[in-house]
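There are 2 protein chains.
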Amino acid sequence: MNLTTQHTKHSLRFRDLGIDTNQELVVFMPASCHVCKSEGFQALTRLSVSFNGSSTIAALNITSDGLLKEGEISLSKSAIQKLSVQDNDLLEVAHIEPLQSITSVRSKLYGNTLHQQEYDDIIQDIADEKYSNIFLSSFVAACSGSNMKLEEICYLTMAMIKAGNKLEWGNEIIADKHCVGGLPGNRTTMIVVPIIASLGIMIPKTSSRAITSPAGTADTMEVLTNVNLSLAQMRKVVEKENGCIVWGGAMKLSPADDIIIKVEKALDIDSEGQMIASILSKKAAAGSTDCVIDIPVGATAKVRTVDDAISLSLRLKEVAEYIGVNIQTITSDGTQPVGYGIGPSLEARDVLAVLENATDAPKDLRQRAITIASEIIKLVWNMEKQVAEDLVIKKIDSGEAFKKLISICEAQGGFYEPMHAKYSKTIESTAAGIISEFDNRKIARVAKLAGAPDAAEAGIDFKVLLNQNIMIGQPLFTIYANSPGELEYAYDYYKQNEKQIIKLSYE
Amino acid sequence: MNLTTQHTKHSLRFRDLGIDTNQELVVFMPASCHVCKSEGFQALTRLSVSFNGSSTIAALNITSDGLLKEGEISLSKSAIQKLSVQDNDLLEVAHIEPLQSITSVRSKLYGNTLHQQEYDDIIQDIADEKYSNIFLSSFVAACSGSNMKLEEICYLTMAMIKAGNKLEWGNEIIADKHCVGGLPGNRTTMIVVPIIASLGIMIPKTSSRAITSPAGTADTMEVLTNVNLSLAQMRKVVEKENGCIVWGGAMKLSPADDIIIKVEKALDIDSEGQMIASILSKKAAAGSTDCVIDIPVGATAKVRTVDDAISLSLRLKEVAEYIGVNIQTITSDGTQPVGYGIGPSLEARDVLAVLENATDAPKDLRQRAITIASEIIKLVWNMEKQVAEDLVIKKIDSGEAFKKLISICEAQGGFYEPMHAKYSKTIESTAAGIISEFDNRKIARVAKLAGAPDAAEAGIDFKVLLNQNIMIGQPLFTIYANSPGELEYAYDYYKQNEKQIIKLSYE
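Those sequence lines, one after another, are chains A and B.
Note that the numbering used here gives residue 459 to position 459 of the first sequence, counting from 1, and the numbers run on in steps of one.
Note that the numbering used here gives residue 90 to position 90 of the second sequence, counting from 1, and the numbers run on in steps of one.
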């Protein structure tokens, strides 16, 4: 990253204080520092910090009480990694120029339509980590609701593609799938990829880790194998197996989007424009030519009504056409969790049960995977629905898809069986009735409080389904955790929200 | 502040690490902390921290490397002050409930009109410091541009008044003045207050410190006397002198506004609605009944065109009527700095020169003060313009206003003469021509780089005026600083922006 600085630089000696501020880049300087004084740096001033040819922007925290000596400087963990510095390295600090692209953000806030160049500049500055949380939040706010015209969503998507890496596979057809999130346990990718790959269609899948959910596909795949592959390693797997499931974060396909998403989650803002740009920029950057997008619809899913799903679907298609990706959207039931398990290991177990044709395999997960895989085949081979579905079912029933998943795992670094959690507690119903509603968001929260996804074995294992008749004392689900404290904590939260998490109607 | 927490609290022992993060409240806990693990706290999680009956919300930074031991906890300087903790005090941490008022912010972002209760809830949460920078920024963005209806500005103003303290003076008439900022050196308050007070009208003036400018009125008044008065001390001064000029920050007149303003400055967003609510909520909270508002107009002032000033003036009057404050607005020249000095001590010297009727006193500052003071008298006594102006001029010319300022200073804690800076450098013109434009913003920046307002003696002293004919080698201004580094730094910035700071036209 090349930062234009206004003035002379100053050298200070680095010493690690060992402070982790998550993704926020922080620089620590002592109150006595002559550079702070002469440059007029105050706490929270954003500075340029450089070492060995690379630079970053960080917010200043001032230390007193001898934590750092005059002439010393420290960085947060994220900034240390970014600059690859070690104790006693000499860092340079300098003022940063005001960001020109903020003018465009202000213009958007005042209701103007932005052009391609303006989106390019904003997104490049975000990708370069030049935006503070305050700036990011104002950009997200400016683009929220229905503030973006269709053409602007196209521009934003293009800008995100330009600001990241683009993978090339040298193949005419690259299949892909995506699910517009919000549904716990919906791990179809790990079933769809082996099916499609075993049919000879290339599907080099990059998946995400959980941001606010109890598991992302990358977290669940990581239970079975290594997902932290370099692009070179990923290529080898795909050359051999026609497919892979790896963590996409390291590929930097849309680095600006990775940053924007965190702020959107914090604000809990659903911006249709940002969501479309986020999904499609990553598909285009991953080199995908044909992609099926699953839109689960439900009161506590991301998309809440069929009307919203139709509107989203139309816009997705228009923007996809603009950037040259062939897509098909499908809507699906988003009223309850998918499969039985929620949390990486429990979800991985469900995936394996479906592919192994186990008698107790979750039927909903199997059916969802079949639908998506069939749609991909229809899309790339222009086949009739029934023919496509038969092909897919055959791949599962014959065990070929299972073998393919194992081969992919082995190519990625070896196959491991899911592990069990150390502690568990089974919840029994305190009332009788018919299950009329699940609150997906609160269910996800119970699983997270139990430790998912950091503790891969933690989570929830459901014993019941929507519309099922329940008796008093009937087991509803089991909570799994790796510490008694986390188990207790997840249980407490459940008890406090019991009636909203699983709603019973009495007939 | 009463925070509803979801779960059990945990006690941790406080140890001061001495880290200043400015107004941002940060809590430090070691990576080994059992509470972090059991509660699922991650870096940047926002927690409730309690001690001795008071609580605050702070963002978590995780420390490693033995900076803190298991069972220990630390806080940023701002959080330490807020909770009044000392080493070895036992603090409690807990999860916080999601903020309900964020739902209203999202609603506003989606284009809806908010009601009084929604503004009340948002502003109370902001005043309680429950909003992170991300949330604050989204609220500021939602209210930016022309997004607020007149009724919403009224609601926001009322909400700000309710969330702060309200001063009562037991007097029918409480005069006040305000300047819609952006003009360096515009220190009329220190001339107007003694004039009005000496006429027997009560004017208990609370002023602000600089946020991004080289001096606020409180900074300039502080050169001459103490401005950090408690409400009780302020009352004593006003009882004795009919007026005062104190720092308003400690009065907590509109604590939410103080927080919002910082984010607005960072975003450099001029939101008319927020500005009106900010100005008028503080006037109402200060107990003012009659207030003159000066709106300087100029390309680099806060209000840039006469049309904008008229529109702002109309809205100010409508909202003022709604909240029951009697106001008069005046527009003034905002094309160049006022007086000669910029920076606390230099501005204080100009103020004294006007009140002492010195031959070299800045005429523009004198005239502005006369205009504003006359408008106040017209407003409260319903007098003719000429009569009011004669009264005001008599107060200056007779030295009564000067004596009154000295008396007020003595009542506030003693009168001190302005001090001189240690270092100075006089800039001479490198070209001949007529001064056609000043860039107020860049001029302010030179003064700030020289050290103003923290170094009260630092700043700029102008020798020239707009439309003046300049010869090569003619002194334009002198930069004052308390260190050679700051002097050099301010000079460098000037040299790089020379042609924009003072524009010459050649005829």
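What the hints contain is simulated information worked out from the structure, not anything from laboratory work.
Honestly, I wouldn't trust all of these hints.
Identical chains blur together in the list; that is why a pair holds if it fits in one copy or across any two.
In silico DSS-like cross-links for lysine-lysine, where the CA-CA straight-line distance does not exceed 30 Å [claimed, not checked]: (1) 442 with 130; (2) 385 with 149; (3) 422 with 69; (4) 378 with 503; (5) 265 with 378; (6) 252 with 130; (7) 149 with 265; (8) 166 with 69; (9) 130 with 265; (10) 499 with 130; (11) 422 with 166.
Note that the coordinates shown come from a computational prediction; the quantities given were computed from them, not determined experimentally.
Taking the hints in turn, this is what the structure says about them:
no., hint, in the structure
1, 442 with 130, "between (35 Å within a copy, 23 Å between copies)"
2, 385 with 149, "neither (35 Å within a copy, 53 Å between copies)"
3, 422 with 69, "between (46 Å within a copy, 27 Å between copies)"
4, 378 with 503, "neither (38 Å within a copy, 68 Å between copies)"
5, 265 with 378, "neither (34 Å within a copy, 54 Å between copies)"
6, 252 with 130, "within (16 Å within a copy, 34 Å between copies)"
7, 149 with 265, "both (22 Å within a copy, 29 Å between copies)"
8, 166 with 69, "neither (45 Å within a copy, 45 Å between copies)"
9, 130 with 265, "both (20 Å within a copy, 17 Å between copies)"
10, 499 with 130, "between (45 Å within a copy, 28 Å between copies)"
11, 422 with 166, "neither (42 Å within a copy, 58 Å between copies)"
Of the numbered hints listed earlier, those contradicted by the structure are 2, 4, 5, 8 and 11.
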